[in-house]
Structures are given as structure tokens and as C-alpha cells.
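If you're matching them up, the sequences are chains A and B in order.
Here the first sequence stands for residues 14 to 129, where the numbers follow this note's numbering.
Here the second sequence stands for residues 2 to 116, where the numbers follow this note's numbering.
Simulated from the structure, these hints should not be mistaken for lab results.
It should be emphasised that the depicted structure is a prediction, and the values quoted were computed from it without experimental measurement.
Each hint should be verified, as a subset may be incorrect.
What the hints assert, rightly or not - Simulated pairs of lysine-lysine, DSSO-like, Cα-Cα distance not exceeding 30 Å:
1. A:K70 to B:K71
2. B:K37 to A:K70
3. A:K24 to A:K70
4. A:K24 to B:K37
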Amino acid sequence: GAGVSQSPSNKVTEKGKDVELRCDPISGHTALYWYRQSLGQGLEFLIYFQGNSAPDKSGLPSDRFSAERTGGSVSTLTIQRTQQEDSAVYLCASSLLAGVPGDTQYFGPGTRLTVL
Amino acid sequence: GEDVEQSLFLSVREGDSSVINCTYTDSSSTYLYWYKQEPGAGLQLLTYIFSNMDMKQDQRLTVLLNKKDKHLSLRIADTQTGDSAIYFCAETPAYGSSNTGKLIFGQGTTLQVKP
Numbered sequence: 014g015a016g017v018s019q020s021p022s023n024k025v026t027e028k029g030k031d032v033e034l035r036c037d038p039i040s041g042h043t044a045l046y047w048y049r050q051s052l053g054q055g056l057e058f059l060i061y062f063q064g065n066s067a068p069d070k071s072g073l074p075s076d077r078f079s080a081e082r083t084g085g086s087v088s089t090l091t092i093q094r095t096q097q098e099d100s101a102v103y104l105c106a107s108s109l110l111a112g113v114p115g116d117t118q119y120f121g122p123g124t125r126l127t128v129l
Numbered sequence: 002g003e004d005v006e007q008s009l010f011l012s013v014r015e016g017d018s019s020v021i022n023c024t025y026t027d028s029s030s031t032y033l034y035w036y037k038q039e040p041g042a043g044l045q046l047l048t049y050i051f052s053n054m055d056m057k058q059d060q061r062l063t064v065l066l067n068k069k070d071k072h073l074s075l076r077i078a079d080t081q082t083g084d085s086a087i088y089f090c091a092e093t094p095a096y097g098s099s100n101t102g103k104l105i106f107g108q109g110t111t112l113q114v115k116p
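Just need the whole structure built from these sequences, with the hints factored in.
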């Protein structure tokens, strides 16, 4: 596609529910990243995919967070039993190469998650 | 560990130059970046500099890197109201077997441009 797309753009959920956030990277991009932007924590890295595997999950804040990528393309970030502190904007980025500093990461518009 | 620090707010008059500063702790950083985020919009890469460079200029933007002091700055010449946004400094650690290209961001500097 023309750019990174994410869905939904906004998600409001109740505490304790599960949510799924979707990212469609730029076609042909090997690397995919999830970041989270929140008032208290700023912009923080969550997980990195190289193809369908995730060699770096170090940023996932708890075991309630998981992500997968299929077909080297679409990725889904799942948050189980959501808590109010999960409220944030979840950003996805993709880059052509995998794990190469300097290779430009293109960001999607984000999904704004609000947990009531 | 990796840490990136920025001042939170800068206000300038239209037509003046803006200088946004950033410090980082990881001496192995290879690339340092400046991203711009406008209200309701995604992150846009403005420019980046490789760690063996001291300066990079791109139209109204000048990036200065002092590797000894681990200090990065972004100068915007002739600042316009359309430059009002949040500017993020970011770095990637050195390339290696454990490197993933992930970005470590500062907290962001909100630039307010007054007409």
C-alpha cells in the first residue's frame, strides 16, 4: 500500500476486556515495529518483527500483551484483560530492511485506545 | 542503558530560528533522528545524522552532533507557524547481532510558533 495503515483509529473498551489492534505495513517491508505513546511514558518501543518472527519483545510491558505477524505482512497486537494504564496511542512502523539502523521507519497514524 | 532527554517546551516568534536540544547516553548510537508529530498526525521523519558526522543541513534544517558530549540539536531557520508541532529526538543503538533497529525516543519538545 501507499503507507502504513492501522485499525481501528479509535478504540474504547471496558476494563478487563481483550482488544486487538491491527497494522498493515508498507508492502515489501521486512521489519515491523510496535510502539506506544502515552502521557506518562512518552514514546516507547514494544516489539520488533523480522518477517514473521519477533526477535525482540523486550518492550512488552506485561504478559497481557502479545503480538503476531503473518505472511510477513499484517501484524496484530493483542492486549488481554485491559487495564486503565493501557490507555495510549499504539503506533506501528515498518521499514524495508530488518534491524538496520538508518533504514527509515515509516509510521502509521496510530490507534488511540481508551480503557474505561 | 539507553536514555534520551529533551526539554519539553520551546516558544519562538515567527521568522526567528528555533533550536531544539537533545542529549543521549548510549555512546554506541549509530544514527540519531529527528521526528515531527503534528496534532492528530503520525510521526514524520524530518532528518537523521550518522554518528561519524558533525553536521547535516537540509534546507531550513540544520542538525549538529557533538558526539563527545552526546548532544544533538535541531535548528529550524525562519520558523513558520506551520512548524508548530512536537519534535522527537531518537537514536538507534549500534548495529550488531542483538540490534533490531528499534528507536529510543526522547520525551518530545513542543514547539510553539507565535505569529
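- So which of the earlier hints does this model not fit? Going through the list in order, the structure violates no hint and respects every one.
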